[in-house]
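The whole structure should be built from the sequences, with the hints applied where relevant.
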Amino acid sequence: TQLLEQSPQFLSIQEGENLTVYCNSSSVFSSLQWYRQEPGEGPVLLVTVVTGGEVKKLKRLTFQFGDARKDSSLHITAAQPGDTGLYLCAGESFNKFYFGSGTKLNVKP
Amino acid sequence: DAGITQSPRHKVTETGTPVTLRCHQTENHRYMYWYRQDPGHGLRLIHYSYGVKDTDKGEVSDGYSVSRSKTEDFLLTLESATSSQTSVYFCAISEAGVRDGYGYTFGSGTRLTVV
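Protein sequence lines, in the order shown, are assigned to chains D and P.
Heads up, the first sequence is in our numbering, so the first residue is 1 and it goes up one at a time.
Heads up, the second sequence is in our numbering, so the first residue is 1001 and it goes up one at a time.
In case anyone wonders, no lab produced these hints; they're calculated from the structure.
Quick caveat, the model's predicted, so the values are computed rather than measured.
Keep in mind that the hints are not guaranteed to be accurate.
Claimed, not checked - Calculated pairs, PhoX-like style, for lysine-lysine (alpha carbon to alpha carbon, straight line, at most 25 Å):
id	chain 1	residue 1	chain 2	residue 2
1	P	1057	D	96
2	D	70	D	56
3	D	96	P	1053
4	D	59	D	108
5	D	57	D	104
6	P	1070	P	1053
Given below as structure tokens:
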């Protein structure tokens, strides 16, 4: 059982659609990070959120940290094929760092 | 980004042989980490280093050892490779501890197959 549960595991959508992926836990996290990983490469850090309720935007990507700091979401507006990849959330809870198992996103042209 | 490089990128080895993977960074970051990534398990921490000659175990350290004799290099050794160690191995660096909210910069990975 992962401390960080991500949903959905897989998502296949058409270009131009909107989507949201979730990262949930029963534990409180001091901060949460989101990474994107493309095939054959290492994960790349997209954003870090540290304050409950915090919202950060990165172009068409919107990241939110839950008020209780137990969950986070990533919303993508008007998805493009270049958004295809594995999205990982990660964070520190009680002095240990955890990764979720990821959401694999495929955006079809 | 050439700040962190892993070598080799691919390796096939036989069961029972020792294998060493190398991670080299040019960022002068204090923290370095070795992870393995497997389907169904995600990224799992093997060992990490918080300075030259300062290392500690992660959650899946059995069968692995590490060394860091210079700030820029972090070596991962599989003492006697087993098929269960077939995986993709990632090195990561961090300016400060991830507990302080600093993110990782990952290398491109080493795909290791033990036959």
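Do the hints match the structure? See the list:
1. Simply put, residue 1057 of chain P and residue 96 of chain D have alpha-carbon atoms about 12 Å apart, close enough for the 25 Å limit, and the pair holds.
2. Annotation: proposed proximity of residue 70 of chain D to residue 56 of chain D holds, straight-line Cα distance about 17 Å (limit 25 Å).
3. The suggested pairing of residue 96 of chain D with residue 1053 of chain P holds, with an alpha-carbon distance near 22 Å, which does not exceed 25 Å.
4. Between residue 59 of chain D and residue 108 of chain D the alpha-carbon distance is near 20 Å, which keeps this suggested pair within the 25 Å criterion.
5. As the CA atoms of residue 57 of chain D and residue 104 of chain D are separated by approximately 21 Å, the hinted pair is consistent with the 25 Å bound.
6. At roughly 8 Å between alpha-carbon atoms, residue 1070 of chain P and residue 1053 of chain P fall within 25 Å of each other, so this suggested pair holds.
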